[in-house]
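Asks: From first to last, the protein sequence lines are chains A and B. Numbering of the first sequence is given in numbering that gives the first Met the number 0, commencing with residue 0 and proceeding in unit increments. Numbering of the second sequence is given in numbering that gives the first Met the number 0, commencing with residue 0 and proceeding in unit increments.
Worth flagging that the hints you see were computed from the coordinates, not collected in a lab. Don't take every hint at face value.
Residues of chain A placed beyond 12 Å of chain B at every Cβ, according to the derived structure [said to hold, decoys possible]:
no.	residue
1	His146
2	Leu153
3	Ile155
Below 30 Å or equal to it, Euclidean Cα-Cα: the simulated DSS-like pairs (lysine-lysine) are [what the hints assert, rightly or not]:
no.	chain 1	residue 1	chain 2	residue 2
4	B	Lys239	A	Lys89
5	A	Lys170	A	Lys61
6	A	Lys170	A	Lys118
7	B	Lys239	A	Lys170
8	A	Lys91	A	Lys161
9	B	Lys20	A	Lys161
10	A	Lys91	A	Lys61
11	A	Lys89	A	Lys61
12	B	Lys20	A	Lys170
13	A	Lys61	A	Lys118
14	A	Lys118	B	Lys20
15	A	Lys89	B	Lys20
16	A	Lys91	A	Lys118
17	B	Lys239	A	Lys91
Glycine included, every Cβ here is placed at the ideal spot set by N, Cα and C.
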Amino acid sequence: MDGQQLDERQLIARVCAGDEGAGRTLYDAHVDRVYWLAYRMSGRHELAQDFTQDTFIRAFSKLQDYRGEAAFGSWLHTIAMSVILNGLRKSKRFEQREAVLDEAAMVPSLTRHAEPDLKERLAQAIDALPEGCRTVFLLHDVEGYTHEEIGGALEITAGTSKAQLSRARAKLRESLADFAGEWVHD
Amino acid sequence: MTDTPQWNEEPMDARLRDLAKEYNRPRGAVPRDAMWQAIAPSLRAASTADVTDLVPRIERKRRHIAPYAWSAALAAGLVFGITLEREVLAPRSAARVAQAPVITRTPRVAVDPRDTMSSHPTPGATSGATMGASTSVSPAASLVAPSTRIASSSSRSAERSSTMAGSRGDSAPSTATTADAQQLYRLAARQTLVQAEALLTAYRADDASQRDQESMQQAGRWARDVLTSTRLLLDSPAAKDPQFRALFTDLELVLAQIVQLSGAPLQAGERELIERAMRDRDLLPRLRSAIPAGATAE
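Same shape as in the complex, but just chain A (with noise of 0.2 Å):
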């Protein structure tokens, strides 16, 4: 661990003296988290490309900035919510406005089956969450972020991300009640 926190400091220190070859090392490292987690929040290969590459355009900029007071990559992880919220906010702002021009166009994969299963009803229920639960739900119960990861990267306490995962959780089991007898079962 402590090796390859030292090799990733080298690789920083060559990438800020200009090598590209560590940037690629660097960005093959930590790529596929990043995507896999604007993809996941996003729901949209166009969207998660964009996020992640102003992802790390943004980090490489800053990369003088970076003190090494946290891991590269819970600091490069902040600047990926960071990014991908904004994003997602524009993105839904736009959206809100358009949905009444064009509703069935907005939520095409919401209507494939007249009665949706209980993944798609699971969906469903997640894209309702509010933004700071479902944030908090994604990262934690699906990414497997800790909540002080989370709190880093989201600039609120572990406290709060643990409330919102509750109440994340709580509300999505209220919007898949009717799947209860289910889950009594197994």
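Please build the complex by placing chain B on the supplied structure of chain A, with the hints as guidance.
Replies: Only chain B this time, still in chain A's reference frame:
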């Protein structure tokens, strides 16, 4: 939260977690190389220069989009205008308000400099005048002729006098600067509207069936430039006019939609949304009516 107690939360949460892993699960490989193509130039630029907005600059350079260079100058002008308004004009007008009593009272006092020397020689007396406090203290000490002030050997009075002279002299240029700034905003707003009209007209005129990905990306890049200017204008005094503000807001929306096309595979639905947004908001007619006759894009 507590109104669904009929089932156990633990297994349900565990099941939810499992199922949620399928939510927006990425399929296929991460397009590492494609994304790196866009990132690498910024890395190169970052190592040679301290830049804050790398992407647009590099993209413009790489794609040789000389006609869009205007927008950089426009954006710079806007940024300069906004900074000027916020940093220079706003504090100055506040300072002018604070100094106003001193300036307005001075004409009432017509004192012979020699009298001033004899009757108000103390710095304390002039201090009260400068602060614009009680008129029982004559502000004349700060108005005495320079030669007299030298004779009185009061350096504080001299400083104050020059401050007063400076503040009186400032009022005319600052009014001119305000007018210049307003003129700059008007010009920038007009330029942006002209460009927006050109862009939207070109976009609509382009035969939908012949739109390929490249042309859509080009429109997206152009729209990105105009969008930057539009957003700057939305934050500037130019947007204080409600009519302009509504126009800029609608324009921002449509441009943001066109920008989305730049990296996305072509989708008829998205294009239809853009065209409907333009149609429903009467965007082109409103743009045309807002642009003064004779204004051109370049």
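Asks: With reference to the structure, classify each hint as holding or not holding.
Replies: Here is how each hint holds up against the structure:
Distance to chain B confirms His146 (chain A) as a non-interface residue, since its nearest Cβ pair spans about 15 Å, more than 12 Å. With a least CB separation of 19 Å from chain B, Leu153 (chain A) remains clear of the 12 Å interface cut-off, as annotated. At roughly 21 Å from the closest C-beta of chain B, the C-beta of Ile155 (chain A) stays outside 12 Å, upholding its exclusion from the interface. Distance hint between Lys239 (chain B) and Lys89 (chain A) is fulfilled; the C-alpha atoms sit about 22 Å from each other, no more than 30 Å.
Distance hint between Lys170 (chain A) and Lys61 (chain A) is unfulfilled; the C-alpha atoms sit about 38 Å from each other, more than 30 Å. Distance hint between Lys170 (chain A) and Lys118 (chain A) is fulfilled; the C-alpha atoms sit about 16 Å from each other, no more than 30 Å. The hinted pair formed by Lys239 (chain B) and Lys170 (chain A) fails the criterion: a straight-line CA distance of about 42 Å is larger than 30 Å. A threshold of 30 Å between alpha carbons decides the hint, and for Lys91 (chain A) with Lys161 (chain A) the separation of about 25 Å falls inside it, so the pair holds.
Of the pairs offered as hints, the one joining Lys20 (chain B) and Lys161 (chain A) holds, with about 19 Å between alpha carbons and a cut-off of 30 Å not exceeded. For the hint linking Lys91 (chain A) to Lys61 (chain A), the alpha-carbon distance of about 27 Å falls within 30 Å, and the restraint holds. For the hint pairing Lys89 (chain A) with Lys61 (chain A), the CA-to-CA distance comes to about 23 Å; that is within 30 Å, so the pair holds. For the given pair, Lys20 (chain B) sits about 17 Å from Lys170 (chain A) by alpha-carbon distance, which is consistent with the 30 Å threshold.
For the hint pairing Lys61 (chain A) with Lys118 (chain A), the CA-to-CA distance comes to about 40 Å; that exceeds 30 Å, so the pair is violated. Between Lys118 (chain A) and Lys20 (chain B) the alpha-carbon distance is near 10 Å, which keeps this suggested pair within the 30 Å criterion. Annotation: proposed proximity of Lys89 (chain A) to Lys20 (chain B) holds, straight-line Cα distance about 25 Å (limit 30 Å). Between Lys91 (chain A) and Lys118 (chain A) the CA atoms are separated by roughly 22 Å; this keeps the pair inside 30 Å, and the hint holds.
With a CA separation close to 26 Å, the supplied pair Lys239 (chain B) and Lys91 (chain A) stays within the 30 Å bound.
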